[in-house]
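Chains A and B, in that order, are what the protein sequence lines are. Here this note's numbering is used: position 77 in the first sequence is 77, and no number is missing along the way. Here this note's numbering is used: position 228 in the second sequence is 228, and no number is missing along the way.
These aren't lab readings, by the way, just hints derived from the structure by calculation. Where a beta carbon is used, it is the ideal one built from N, C-alpha and C, also for glycine. Treat the hints with caution; some may be incorrect.
[Stated by the list, open to error] If you only want the chain B side, here are some residues facing chain A, beta carbon under 8 Å, derived:
#	residue
1	L51
2	K52
3	L70
4	R73
5	L85
6	Y97
Here's the letter readout for the chains.
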Amino acid sequence: MKTLWTVVGKELLDNARDRRTLASALLFGPLFGPLLFAVLISVVIQQSVSDIERPVSLPVIGAEHAPNLIGFLDRNGFEVEDWSGDAADARDAVQAGRVDVVLVIDPVFGERFQAGLPARVQLIQDASAQRAARNVNRARGALNAYSAQLRALRLQARGVSPDVLRPVVIDDVDVSTATGRAALLLGMITYFLLAAMLMGGLYLAIDATAGERERGSLEPLLTLPVTRSTLLVGKILATCCYMLLSLVITLVAFAIGLSFVSLEELGMSANFGPQVVGLGFLLMAPFVLLGAALMTLVASFTKTYKEAQTYVGVLIVVPTLPILFAAFLSVKPSALLMAVPSLSQHLLMTALIRNEPVDPGHAAISVVSTLVLGALVTWLATLFYRREGLMG
Amino acid sequence: MIEVDGISKRFGKVEAVRSVSFAAEDGRITGLLGPNGAGKSTTLRVLYTVLKPDGGRARIGGRDVVTDALAVRRSMGAMPHGAGLYPQLTAWENIAYYGRLHGLAGPALARRIDDITQLLNLGEFIDRRTKGFSQGQRTRVALARALVHDPQHVLLDEPTNGLDVMATRALRQLILRLRDQGRCVLLSSHVMQEVAALCDCIVIVAHGQVAASGTPDELRRRYAETDLEEVFVRAISGVGERP
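Only chain A is shown next, with the shape it has when bound in the complex:
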């Protein structure tokens, strides 16, 4: 037991002095996710919020033909401006993306309007331009509203209730809670947590196996009165320590980062307080053993540091795959899925962030199955470490 801690202590110290390991465990891994996330959400919020508030500038051709319509648009948050060119110019400008939408009012708009005939306007727009869609929709909405208002007035003037023309009324009822909407975005957090954990242990796992062999320090180490299993378990435990450290830093960084982002403006409220950090740590921590054992097992198959980096680099993508599946197929938590590591952590963590109750039974299955699998892979790794081929 004492020798085991000697091995763990040495690996921790050795790697703490390696800038690359430290940077990847304590800086890049844990802080990249929260930072990217904060920036991403800020941009989304800025776009959606400012777009609603900012008046939309609307170039118009032939504004003089429909002064009332222009007045209506003015009152409804449009900055109407006269388009200097003709309709052909306007088409080019929209196609080139210089303006989002141009309103063309028919020269005979007034006459037809007076006669009670449908009066025509044109909305020049590019349906393939995603960015312009919002302004186009707002312009169309305003025109529809103007039309509806006139329709009601005309019917009333003829003694008919406007309701005659509204046989069906649709009311949208949005049942997603504010937190639920946020969770759609926040579901990505588990992805970053897993990635940060694996990144945290990556270099230690490689250094302790392939690195040790490449340096030539493995052979003398194996002449000491310590079993190979003890050495390997020590290395895996040291990797676990770095991964846990990464996990804690990432969780705290998320909690701090999300407190600065005003998710409320999007009608969401992020539930990422100290309680979520604590519970989240307990739910995610069992994955550490599995991750460390997997990385160590793969790294000890390889001959050189570089080779190990390649294979382990590919390996750390694997645990994130179930999360992708879950996101695409929108799976619901079930006891069976709780036996799948990384997926179970994702589902539990997402529920936690969503402020939904976490089923203690599900949590127990997740913790136990992940730990058992981790122990199994550790055992496999020790079997492999006993091989003579290890010497290379």
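Chain A is fixed; fit chain B onto it per the hints.
What follows is chain B alone, placed relative to chain A:
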């Protein structure tokens, strides 16, 4: 006392060692001499319990290297070829890690490292990280690491490789001192002069077999040569590649 009794080892189709037998006595320096690829390192690797022999037996201090490996490792200090250090750890920490894995701790460990620092003259760089050490400094730290638990049996694979004249000289003096303390020293080399200058007993190895063995004088007499180099050449040409 190291007793090797007909050990053999093959890697795939290559028979690296076939039926090698010799004995290395306490209080003597035994040299495994042979050209590159003769099987010296493989023999040593079997002895310091990193490889298991396919056939034959070997005992160190009366204990079997296969069935009693952990006990063998306790009584043995090994310096494998090109022994690597941990570059981020200081020389002291490198030595202390091995000391702790041998069960030493606290003041006893510190005292032992102090002694060995004196013995190997590591004082000026004992607290520096080993990254950037010269080959001579690295070899001295690796040797200190191998000797930290005061082992009765010392196994050195090509210990003077890459050392300059002064460092080689210092190492030889140390090895002689280990012998005078009554230890059993077994070293390998492909340099005739080195083995001649240092060893009490020479085991000439070629093509994975023992070609000849004995004290330098015995060997000279047996081959009726005054020059050990001639003895070496004749001995290894006597063993050919078996079909």
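> If you check each hint against the structure, which ones fail?
Replying inline: Of the numbered hints, all hold.
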